[in-house]
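Protein chains: 2
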Amino acid sequence: MDVTYINPFLNATINVIKTMAFVDARPGKPYIKKGDTAVGDVSGIIGITGDNEGTLSITFSQASIEAILSNMLGETISGINEDVRDAVGEITNMISGDARRVLSELGLKLSAAIPTVISGKNHTITHISSGPTIAIPFATDHGPFNVEVCFAH
Amino acid sequence: MDVTYINPFLNATINVIKTMAFVDARPGKPYIKKGDTAVGDVSGIIGITGDNEGTLSITFSQASIEAILSNMLGETISGINEDVRDAVGEITNMISGDARRVLSELGLKLSAAIPTVISGKNHTITHISSGPTIAIPFATDHGPFNVEVCFAH
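First to last, the sequence lines map onto chains A and B.
In terms of the numbering used here, the first sequence opens at residue 59 and continues consecutively.
In terms of the numbering used here, the second sequence opens at residue 59 and continues consecutively.
Hints listed in this document are in silico derivations from the structure and should not be mistaken for laboratory results.
For clarity, every value in this text was computed on a predicted model and none was experimentally measured.
Be aware that one or more of the hints could be misleading.
[What the hints assert, rightly or not] No more than 25 Å apart at the CA atoms, straight line, and that leaves these computed lysine to any residue pairs for SDA-like:
{"id": "1", "chain 1": "B", "residue 1": "LYS92", "chain 2": "A", "residue 2": "ASN73"}
{"id": "2", "chain 1": "B", "residue 1": "LYS167", "chain 2": "A", "residue 2": "ILE135"}
{"id": "3", "chain 1": "B", "residue 1": "LYS167", "chain 2": "A", "residue 2": "GLN120"}
{"id": "4", "chain 1": "B", "residue 1": "LYS76", "chain 2": "B", "residue 2": "ASN151"}
{"id": "5", "chain 1": "B", "residue 1": "LYS87", "chain 2": "B", "residue 2": "LEU164"}
{"id": "6", "chain 1": "B", "residue 1": "LYS92", "chain 2": "A", "residue 2": "ILE135"}
[As the list claims (entries may be wrong)] Simulated restraints on C-beta separations:
{"id": "7", "chain 1": "B", "residue 1": "ALA121", "chain 2": "A", "residue 2": "ASP144", "range": "30 to 36 Å"}
{"id": "8", "chain 1": "A", "residue 1": "ASN65", "chain 2": "B", "residue 2": "ARG84", "range": "44 to 50 Å"}
{"id": "9", "chain 1": "B", "residue 1": "HIS211", "chain 2": "A", "residue 2": "LYS179", "range": "45 to 51 Å"}
{"id": "10", "chain 1": "A", "residue 1": "PRO85", "chain 2": "B", "residue 2": "ASP82", "range": "29 to 35 Å"}
{"id": "11", "chain 1": "A", "residue 1": "LYS179", "chain 2": "B", "residue 2": "SER128", "range": "42 to 48 Å"}
{"id": "12", "chain 1": "B", "residue 1": "ALA121", "chain 2": "A", "residue 2": "LYS167", "range": "42 to 48 Å"}
{"id": "13", "chain 1": "A", "residue 1": "ASP60", "chain 2": "B", "residue 2": "ASN139", "range": "26 to 32 Å"}
{"id": "14", "chain 1": "A", "residue 1": "ASP144", "chain 2": "B", "residue 2": "ASN139", "range": "30 to 36 Å"}
{"id": "15", "chain 1": "B", "residue 1": "ALA121", "chain 2": "A", "residue 2": "ARG84", "range": "30 to 36 Å"}
{"id": "16", "chain 1": "B", "residue 1": "GLY165", "chain 2": "A", "residue 2": "PRO85", "range": "29 to 35 Å"}
{"id": "17", "chain 1": "A", "residue 1": "ASN65", "chain 2": "B", "residue 2": "ASN69", "range": "38 to 44 Å"}
{"id": "18", "chain 1": "B", "residue 1": "GLU148", "chain 2": "A", "residue 2": "LYS92", "range": "17 to 23 Å"}
Every residue, glycine too, gets a C-beta built ideally from N, C-alpha and C.
Build the full structure now, drawing on both the sequences and the hints.
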């Protein structure tokens, strides 16, 4: 996987979390994921096709998504309900869209599928591909979350 | 979502589970999913783009995937490990490929992203789209599993 893919997804995440939820997301150092280290309680996943095939996922703990969405909606969010799943799906969609826009300016034409949201205590995500999965940990004042990007080549 | 989408995915599931795992999958009546009824322990998800955008998911209980893969591999599978996740990813990929081949013969050009596998006790899956999610329950001698298909239009 071309490392030039990483920054568009990293920057898109910062932009979308800032724009949608008025939260500053501070990226840690991206790393190649070995094993199933990203454990979370709610995840958004979106498939990407075109000049390359891949997936983007974003995984939150229940505490961090409750805090981020409470900040976004201006009301206390408690529990992972339909509104939370819709918001995670929308965040996933927007990060994919923002990153693909930047990548298209670099000459990479990519399309996105519809997002899927997983909820369940301590689930893990594995991207099945011969290409590496890049994990980007983010910190916020409302708790951490993880973005993963995997492309076939 | 066009109902002509359903049979290619239903038949692809039967074909792939038969070919890969030597297991007869018996489809129940497809229905429009309301809420998060499909709870499972391991799921494969793949995004689809092209003439329509969608996702396919297949969700197993731990007991059913252990029994199906034990039958497939000829050895007792216990627990959801890397081999199980790879097999679920491969099954997901093959169902998508077989269904897309049939749909292309009907004039629908579709591409697939890479599969993602979720593991975690009792997770739920929500496809985020304005289109309905069609659920197809399957029974086998090794336990049930669920296929879901969602397309934007």
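Hint check results:
| no. | hint | in the structure |
| --- | --- | --- |
| 1 | LYS92/B to ASN73/A | 33 Å, violated |
| 2 | LYS167/B to ILE135/A | 41 Å, violated |
| 3 | LYS167/B to GLN120/A | 38 Å, violated |
| 4 | LYS76/B to ASN151/B | 15 Å, holds |
| 5 | LYS87/B to LEU164/B | 23 Å, holds |
| 6 | LYS92/B to ILE135/A | 23 Å, holds |
| 7 | ALA121/B to ASP144/A: 30 to 36 Å | 32 Å, holds |
| 8 | ASN65/A to ARG84/B: 44 to 50 Å | 49 Å, holds |
| 9 | HIS211/B to LYS179/A: 45 to 51 Å | 34 Å, violated |
| 10 | PRO85/A to ASP82/B: 29 to 35 Å | 49 Å, violated |
| 11 | LYS179/A to SER128/B: 42 to 48 Å | 27 Å, violated |
| 12 | ALA121/B to LYS167/A: 42 to 48 Å | 43 Å, holds |
| 13 | ASP60/A to ASN139/B: 26 to 32 Å | 30 Å, holds |
| 14 | ASP144/A to ASN139/B: 30 to 36 Å | 33 Å, holds |
| 15 | ALA121/B to ARG84/A: 30 to 36 Å | 42 Å, violated |
| 16 | GLY165/B to PRO85/A: 29 to 35 Å | 44 Å, violated |
| 17 | ASN65/A to ASN69/B: 38 to 44 Å | 43 Å, holds |
| 18 | GLU148/B to LYS92/A: 17 to 23 Å | 21 Å, holds |
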